[in-house]
Amino acid sequence: MTTPVGDDPDRTELLATRGPIADDADAADGESLAPGARLGRYRIEALLGRGGMGDVYRAEQLEPVRRTVALKLLRRRRLDARHLAYFEVERQLLAQMRHPAIAQVFDADTTAQGYPFFAMEFIAGSPLTRFCEEHALSLRQRIELMIRVCEGVQHAHQKGVVHRDLKPGNLLVDEVDGRALPKIIDFGIATASSMVEGREIAGTPDYMSPEQAAGDQALVDTRSDVYSLGVVLYEVLTGRRPEIAGETHVASTRTLRLPSEQLATLPPGDAGRIARANGLRLADMRRVLRHELDWVVARAMRHDRSERYPSAGALADDLRRFLDGAPLSAVPASRGYVWGKFVRRHRVGLAAASIALAALLGGLAMSLYGLQQARTQRAIAQQRSAELEKVAAFQQSMLEGIDIEAMGIGMARGLRGQAAKAEPSTRAAVEDTLAHASTADIARNLIDRNILAGAETAIARDFAREPGLAADLRESVARVRDALGLPEAAAAGFGKVADYREQALGASAVPTLDARRQQATAMLSAQQPKPALALLQRTLSDAASLPPDDPLRIRLEMAQAEAVGSLGDREAARKALQSLYARSRKAHGERGPITMEAMNNLAILLGRMGEAKLGRDYMERLVPMRRAVLGADHEDTLGSLHNLAVMRIMTGDSDGALVLQRQLVATQTRRLGAEHPKTLTERGNLASMLVDSGKANEALPISLSVVEACTRVLGADSPQTLRAKLNLSTLYARLGQFDRTLAMQQEVVDARTRLLGPRHPDTIYIRVNRAGSLLQAGRAKESLALLDSLLPLTREVLGGRHPQTQSAYDIRAQAAEAVGDTTLAIASYREALALRAAALGGGDLKTIDTAWKLEGLLAAVGEVGEAGRIRARYVTPLLEKPDAQLDDRQRTFVAKIRRTEAEEAAQAAKKVAER
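So in the working numbering the end of the sequence shown lands on 915, straight run, no missing numbers.
These are calculated hints, taken from the structure and not from any lab test. Check each hint, because a few of them may be wrong.
List of simulated lysine to any residue pairs, SDA-like, C-alpha gap at most 25 Å [unchecked claim]:
1. K613 - K530
2. K159 - I123
3. K910 - P882
4. K678 - G568
5. K678 - Q737
6. K911 - P882
7. K586 - G568
8. K496 - A507
9. K846 - R574
10. K846 - R570
11. K678 - S688
12. K530 - K586
13. K911 - V861
14. K781 - D849
15. K846 - K910
16. K781 - D739
17. K613 - I897
18. K695 - T667
19. K781 - Y765
20. K846 - R898
21. K586 - A628
22. K781 - G843
23. K781 - Q737
24. K881 - G841
25. K678 - A696
26. K896 - G865
27. K586 - S541
28. K613 - R290
29. K881 - G843
30. K496 - R461
31. K846 - K911
32. K896 - G843
33. K159 - P332
34. K496 - G485
35. K910 - K881
36. K575 - E611
37. K881 - K911
I would like the entire structure built from these sequences, with the hints used as guidance.
Right, here's the structure in full:
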């Protein structure tokens with residue numbers, strides 16, 4: 001049994017109808033056992049899942065034999081002496097069950113504190129419904145699986161054991177020698193869990209029978225399991241659970257929507273997909289359900305248990321009759337129905353009454369045999385192809401999950417370990433090499449050259465005669481490169497895939513267009529907006545046959561808008577995204593996935609354009625929709641929630657931002673634990689938001705605890721730990737504790753220099769921050785000394801367009817002003833202005849702010865002409881802009897300029913008057 005945590009959406013629930021029994025055991029409710037813990041003769045290896053009644057662990061049995069087992073500990077109930085006798089009876093019943101469809105129970109016992117536990121056969125399988133979907137089982141194969149499940153349930157019933165919690169999560173299916181074999185798990189656990197006085201309901205509400213839901217356990221018998229099997233059969237047939245208006249609790253008449261009725265309520269596309277998944281045309285699927293299988297489900301799920309199948313074996317018999325073409329006991333025995341089934345079963349014999357017709361049917365039989373052989377061979381080929389796809393997907397996911405930074409750090413640590421055994425001169429040489437190298441980049445390139453390039457060579461060699469499969473594998477390699485931060489190589493790979501598909505399928509084929517989209521997206525990640533835009537324009541021309549509301553076409557146009565925005569025309573990108581959002585909403589509805597994607601992209605662009613208020617309005621609507629459609633814990637929902645919190649901060653709603661960020665922390669703590677890396681990241685973000693909201697003192701204990709947890713859990717040299725220390729140093733600066741700020745920044749500088757090298761962008765980034773902190777601490781001369789050696793390296797490694805390079809010149813200008821070196825200050829502001837104008841444009845507020853500071857210094861030293869030219873080019877256009885056309889940030893900045901210049905004019909007038 002290997003269902004992971006969170007895998008079963010229908011957790012078993014224990015619904016108490018009286019107060020809980022007092023519990024004085026050592027372990028508290030909800031507290032799981034740590035790996036390595038001993039439980040009798042078992043050693044815990046990992047937590048597999050949690051339910052309402054207990055925890056399931058993978059454990060190793062240590063004696064009398066060593067084997068892997070699934071161990072379920074019922075932490076919710078502790079047995080006293082009287083109930084231990086009941087539990088012993090239950091244990092003997094479980095031990096008697098021996099059936100291929102039942103997970104064997106090896107052992108059952110209680111802990112020293114009285115908690116019962118079961119050791120069961122460990123099964124590497126998937127829940128029944130998921131297995132059917134993932135393996136695209138035909139209707140016949142699904143029914144065959146259900147028959148085997150019913151046989152296992154019948155075996156248990158004959159031993160006097162009622163399951164009480166039959167559901168897909170307790171019906172695991174695995175493939176053995178190419179054959180699907182179901183295994184029923186948790187037999188008898190619901191019975192054991194209810195060994196207390198009072199009315200206790202053990203089970204899963206959506207699958208339990210009316211009498212079980214009512215709480216009178218005396219009425220629960222084998223027919224209650226038959227009801228649950230009917231619910232499972234319903235879900236296997238339609239992909240959905242039955243919609244029942246109170247039937248499981250109080251209704252006395254049938255309110256069940258039958259499978260064929262359920263199918264009729266679905267959109268044609270969804271209904272057709274379900275039919276195809278069962279290997280049938282939609283019309284045939286409706287006919288089969290309406291004429292026969294509806295009756296089977298309806299009889300199994302009768303409200304009155306006396307009207308149900310008398311046993312699981314009877315249900316299995318009816319399903320066998322369906323497969324054999326015989327009349328079903330659940331269907332009213334009309335003459336036409338029985339005769340029709342007879343004809344379908346014996347059509348060959350009836351046709352043999354005529355010699356000519358017999359000959360014709362004989363020829364037809366040969367043709368059908370040949371067709372069946374061809375279908376068999378095709379099925380084998382499809383199975384092998386599916387297996388290959390699974391292997392490729394597994395390998396791709398493993399490679400995509402590699403932490404390149406951690407791998408680079410590990411490589412550096414390994415080299416130092418080897419060097420430690422060598423001569424001192426060798427150790428010094430290794431340290432010098434590491435100081436000038438980026439081990440993360442080396443690790444990335446090694447994976448690319450030794451694994452991915454090798455994979456491409458093997459694909460070209462081994463799949464030369466299967467170019468379509470070769471293209472699919474190349475696409476997988478390209479995705480891995482994209483995930484590893486090799487966008488240029490990924491774009492080249494996607495380009496080869498697209499070229500093949502264009503040649504084989506045509507430029508307008510959907511697979512070709514999707515490969516081009518991935519190619520363009522990778523090019524954008526590689527900072528190649530011009531060629532990406534040209535490619536997208538050509539691809540959109542090829543996609544002209546797609547409807548305007550097709551999701552692929554919309555995604556291509558969204559990528560085009562991103563390229564346009566990256567090239568500087570953000571207004572055009574905004575108009576395009578607004579149009580795409582409106583088009584998607586009209587075609588797919590406000591809550592369609594593509595609509596929400598367009599809405600998200602538009603909101604982010606508006607935030608980047610300084611229109612955080614409008615971007616926030618979109619995000620405020622998006623978050624509740626993603627919660628409703630995707631769920632509160634979905635990654636996209638959590639990402640939008642984070643973006644909304646940031647936009648609330650940007651628009652001055654710090655209290656609202658903090659509410660959301662606290663929700664994020666609570667959600668990630670519940671999902672992942674308080675010290676999971678993602679939770680620690682959100683806790684760090686909460687501290688940063690508290691600082692931005694003027695609540696630095698409240699943020700300090702949170703930030704300190706994050707640094708402590710990161711250091712303990714992830715290690716002192718983990719990139720996340722270093723980022724947490726960097727945030728804490730910023731917090732110290734806000735509190736005016738510059739000694740602590742500088743000390744912690746030095747820790748980060750030392751660690752990054754040691755791990756990443758002095759030329760790594762992250763190392764340079766923190767050193768520039770340190771120069772700024774020295775200036776804030778009143779140590780302007782030290783700041784200038786640091787920048788003298790740092791600025792050339794910053795310019796070389798990061799480039800002039802990088803914001804940190806521009807900040808470095810800004811810091812040097814302010815430090816020069818502080819020590820009275822006006823010449824250096826002017827030269828630094830001039831350099832910063834040139835860089836920001838080239839990277840951000842003349843209308844960006846950072847560019848205007850730099851120009852305004854430079855203008856003031858030039859005017860102060862008598863360079864009035866140059867000062868006037870700079871003001872006219874950068875500052876005056878903003879000051880003359882109508883107030884209605886200004887966004888919030890521009891309006892605040894204009895007010896700052898006017899207030900400062902008014903104060904300067906007043907001071908100058910005062911000095912003149914004093915003379």
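Taking the hints in turn, this is what the structure says about them:
1. With a C-alpha separation of about 30 Å, the suggested pairing of K613 with K530 is violated against the 25 Å cut-off.
2. Between K159 and I123 the alpha-carbon distance is near 23 Å, which keeps this suggested pair within the 25 Å criterion.
3. For the proposed pair K910 and P882, the alpha carbon gap of about 32 Å is over 25 Å, so the pair is violated.
4. This hinted pair does not check out: K678 and G568 have alpha carbons roughly 33 Å apart, beyond 25 Å.
5. For the suggested pair K678 and Q737, the alpha carbons sit about 28 Å apart, so the restraint of at most 25 Å is broken.
6. For the hint linking K911 to P882, the alpha-carbon distance of about 34 Å lies beyond 25 Å, and the restraint is violated.
7. For the suggested pair K586 and G568, the alpha carbons sit about 29 Å apart, so the restraint of at most 25 Å is broken.
8. Restraint check: the Cα-Cα separation between K496 and A507 comes to about 13 Å, which is no more than 25 Å; the hinted pair holds.
9. At roughly 21 Å between alpha-carbon atoms, K846 and R574 fall within 25 Å of each other, so this suggested pair holds.
10. Distance hint between K846 and R570 is fulfilled; the C-alpha atoms sit about 17 Å from each other, no more than 25 Å.
11. For the given pair, K678 sits about 15 Å from S688 by alpha-carbon distance, which is consistent with the 25 Å threshold.
12. Proximity of K530 to K586 is assessed by CA-CA distance (about 31 Å); at most 25 Å being required, the pair is judged violated.
13. Annotation: proposed proximity of K911 to V861 holds, straight-line Cα distance about 17 Å (limit 25 Å).
14. A C-alpha spacing of about 24 Å is found between K781 and D849, which places the hinted pair at or below 25 Å, so the restraint holds.
15. A C-alpha spacing of about 31 Å is found between K846 and K910, which places the hinted pair above 25 Å, so the restraint is violated.
16. A hinted pair counts as satisfied when its Cα atoms are at most 25 Å apart, and K781 with D739 qualifies at roughly 16 Å.
17. Simply put, K613 and I897 have alpha-carbon atoms about 23 Å apart, close enough for the 25 Å limit, and the pair holds.
18. With a CA separation close to 23 Å, the supplied pair K695 and T667 stays within the 25 Å bound.
19. For the suggested pair K781 and Y765, the alpha carbons sit about 20 Å apart, so the restraint of at most 25 Å is met.
20. Only pairs whose Cα atoms come within 25 Å are accepted, and K846 paired with R898 is accepted, the gap being roughly 17 Å.
21. Proposed proximity of K586 and A628 is supported: the alpha carbons are some 19 Å apart, at most 25 Å.
22. With a C-alpha separation of about 33 Å, the suggested pair K781 and G843 falls outside the 25 Å cut-off, and the hint is violated.
23. Taken as a hint, the K781 and Q737 pair is honoured in the structure, with Cα atoms around 19 Å apart against an allowance of 25 Å.
24. For the hint pairing K881 with G841, the CA-to-CA distance comes to about 17 Å; that is within 25 Å, so the pair holds.
25. A threshold of 25 Å between alpha carbons decides the hint, and for K678 with A696 the separation of about 22 Å falls inside it, so the pair holds.
26. For the suggested pair K896 and G865, the alpha carbons sit about 24 Å apart, so the restraint of at most 25 Å is met.
27. Proposed proximity of K586 and S541 is supported: the alpha carbons are some 23 Å apart, at most 25 Å.
28. A C-alpha spacing of about 55 Å is found between K613 and R290, which places the hinted pair above 25 Å, so the restraint is violated.
29. Distance check on the hinted pair: K881 and G843 sit about 12 Å apart at the alpha-carbon level, within 25 Å; holds.
30. This hinted pair checks out: K496 and R461 have alpha carbons roughly 16 Å apart, not beyond 25 Å.
31. Restraint check for K846 and K911: the C-alpha separation of about 32 Å exceeds 25 Å, so the hint is violated.
32. Between K896 and G843, the direct Cα distance comes to roughly 17 Å. Compliance with the 25 Å bound is thereby established for this hinted pair.
33. The suggested pairing of K159 with P332 is violated, with an alpha-carbon distance near 32 Å, which exceeds 25 Å.
34. Distance check on the hinted pair: K496 and G485 sit about 19 Å apart at the alpha-carbon level, within 25 Å; holds.
35. Under the criterion of a C-alpha separation no larger than 25 Å, the hint pairing K910 with K881 is inconsistent with the structure, at around 31 Å.
36. Proximity of K575 to E611 is assessed by CA-CA distance (about 14 Å); at most 25 Å being required, the pair is judged to hold.
37. Of the pairs offered as hints, the one joining K881 and K911 is violated, with about 32 Å between alpha carbons and a cut-off of 25 Å exceeded.
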